[in-house]
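Peer 1: Just so you know, the sequences run in chain order A and B.
Residue 279 in my numbering is what sits at position 279 of the first sequence, and the numbering runs on without skipping anything.
Residue 65 in my numbering is what sits at position 65 of the second sequence, and the numbering runs on without skipping anything.
If you're looking for bench data, these hints aren't it; they were derived computationally from the structure.
Any given hint could turn out to be false.
Claimed, not checked - Below 30 Å or equal to it, Euclidean Cα-Cα: the simulated BS3-like pairs (lysine-lysine) are: (1) B:K198 to A:K136; (2) A:K149 to B:K543; (3) A:K133 to B:K33; (4) A:K136 to B:K320; (5) A:K214 to B:K320; (6) B:K291 to A:K133; (7) A:K136 to B:K291; (8) A:K133 to B:K322; (9) B:K291 to A:K214; (10) A:K149 to B:K291; (11) A:K241 to B:K415; (12) A:K241 to B:K291; (13) B:K33 to A:K136; (14) A:K133 to A:K241.
The chain contents come next:
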Amino acid sequence: MTTRALSTLLLLALLGPAATAQDQADPAAADPPASSSADATPEVSPGEPWDGTPGEVFFNANAAYEAGRYRQTIDAYEQLLEHGTENGHVHYNLGNAYLRNGELGRAIASYRRGRAFLPRDQDVQANLEFARKSAKDALAPPEPGAVSKTLFFWHHGLSRAELGALVVALNLLLWIILILRLYRRQSEALRWIFVALLLTLATAGVSLGLRHLKPPQVAVVVPQEVDVRSGTSPSALVLFKLHAGTEVRMVDRRDEALRIALPEEGRGGWIATEHAELVTD
Amino acid sequence: MLLAIACLSLAAAANAQGIRVTVDRAEATIQDKLTLRLTVDGSQNAQPRLPDLSAFQVYQAGQQSQVNMAGGRTSVAITYNYFLVPRQTGTFTIGPASVEIGGKVYESRPFSIRILEASATPRESEDLFIRAAVSNKSPYVGEQVIYTWRFFRRVRAEDAQLLTPLQFDGFLAEDLGDVREYRSTRGGQEYLVSEIRKALFPQEAGKLTLPATQLRCQVLMRSRGRRGGFFDDFFNRTTAEARVLNSPPIEIEVRPRPAAPRGFSGLIGNFELAGRISKRQLRVGESATWKLTVSGSGNVQMIGEPNLPDLSRFKIYDDKPKSSIERTGSKLTGSRAYSKALVPLEAGEQTVPAVSLIYFDPESGSYQTASTSPVTLSVTPSEGKEDLRLTESVAPTTGKVAVRILADDILPIYKDLDAVASTPFGHRVDAAWLGGLLSPPLLFFGLLLVERRRHHLETNVDQVRRRSALRKALKELGEVENAARRGSHAEAAQLASRVLRQYVGDKVALEGSAFTPAEVAAQLGRCGVDDELVSAARERLEKLEVAQYGGAGAEESEALAAELRELLKHLDRQIRL
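Using the sequences and the accompanying hints, generate a full structural model.
Peer 2: In structure tokens, the structure reads:
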């Protein structure tokens, strides 16, 4: 293979994803319906979602929320999520709709999902804290401590996408420095920049790996009251009860049941999978 | 400011002390045994004084101590348990129990127990059954109704499960403690009873129905085999029989309340309002703690701050209100305490006016008013230095007061359509990431190869000449063929001679174009070429020199390139360097 052919291949590899994305982007996807307005929300029976572009569904769902038709709003936001329009704002709006509809557990789960996409968004955090005040059980939600949040700020303060983008950017910088070193072999500055970038990239890479390989999972109780049993069988001994909106760590999953752990050392039990919303932080 | 904080802290600490008395049920027969629990909060050494229990035989049933450490605070409590066996039937008021802690006397809230004749409950023919009952079938809207669901059995029953959850449509329902278990005598039979209690608050007037309940359980029975009782008794064999138990629906006629007077607090039940000021004599700028406590039974979740009178002669700073809801008794009771720091602005006799609370009393069917008494404070002029320190510390320059939060709500939804805009890489985010990760190293290694090759060419010229000698010579033979084809036979011979000499020169890293045939032969001999081939090469060169000047035949010239190609290939195979 000649040098020219190799260079062409590398250029294609660099530009390939961007070119593909441009091919796929639908410029009309986010456009609101031309004639729609909050007063002209389509008449749809409760529980039946709208069809249309994501922009139309989102627009109409917001109008339904303002009109107080929360069940319809929930169905529409769920429709968006099912069709791949998943981001922090949709989860946040869905959390609001659930909360207004009286579904505390699902609201808290949605806010947590929204926070995973928008970890520094104050609105998401404020509404999550507001919803938590309505939870009946006096259990602290599973959250990293203040020391951990400070020391590992990049791990807790960046979403998974942001962390991935950071890794890609650091990786690009690192190789650019290596390429420059091909032509400036004696440069001390380049050598130290390389070492610093390598350490930063390794740190960010470990964080990203932990997020992908061992993501912490939290179960949010959905029914008003749920029995926590000593085993997966419905006839197992009831150890204690949890109530809607309580967030607990999920440590195992088996036979349509989730093993949850309380903050107290050694306390835990099993609840039916259908009684909890699982959230991956 | 410090004074105010100190006063509020003392008030908060005082909240952790007190005495509570509860019984496991409010109604029993004369053959039953009740359990009374007396809990002293804030001390484990204080000796409580029991209320009048002359209607019962009292037996001690142990005690438990509790120490809780939470939020940097330690709280202690001790609970004394007693069994009560009724001596007679009737309704008995259990008066306040009391305890003295730190020189202050605390009293529990009184309550009533109803004791029925043993025959007042019909003899049940079933071994197990369920009963659901409400305390009042014609309550007012918002009045507390106690719903009691009981599961009686005098046989072993396992895997008990409600087929449908308890439903309270039209009511606001609050749990009254966990499931209680006790023994009760009905119609001369002793049953083990599991009891669930709920406080219900009807939300609208009219007829409401609490649906029927169904309980499924497995009853364990001795098996009756063909061989008779001996083996059954010996092996204690049992079989399980599934049973479904029913309780009928309960209809409740909810009455509307009379029109509410102005200032109605929304509370329905029996409530009290208590006010206490920590000191009556103080200076201007100094603070006193004013504590307003609303307590009672009913919809205690709705307790809000009473409407305050005109207090323009005071600066007021609110502390966080403290709530307490008691769910373990026979009904929902609770209290909410509002602590405020009162700072008089003027010297003289300053009166804190009475505070009123209007609530609806379902027993009398009318609105009642609970009030505190007005309190007069004796305020002396300040000594100068302490003037309005509280206000200054809140806002040193402007004297503004802290913002009072009236309500809290969620923030609105996100409406910008960019929330549903396509992401930069569409659904191929992972592929983009992979490309972003892999492209830079590929680019680097590609450039590394190019750089190494360039460096190699720069530093190993002789070696490069040797390796490319044959390729270069074969390529230049094309010119020889062209010259022959044009009929320039002398030129073809000259070119061929130069190709051969330069080939040898490249192989030995010398300038070959100046070699004579003898020098070419000598160089080839040093490179390990056998004599026959060396001679052939020398002869060929000599012939080419002759042909350059003497001219060559057309036929010989056309075959020259092919002949020379074969010669070069043979030489290349034999040259050893």
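Peer 1: When the structure is checked against the list of hints, which entries are broken? Sort them ascending.
Peer 2: 2, 3, 5, 9, 10, 11, 12, 13
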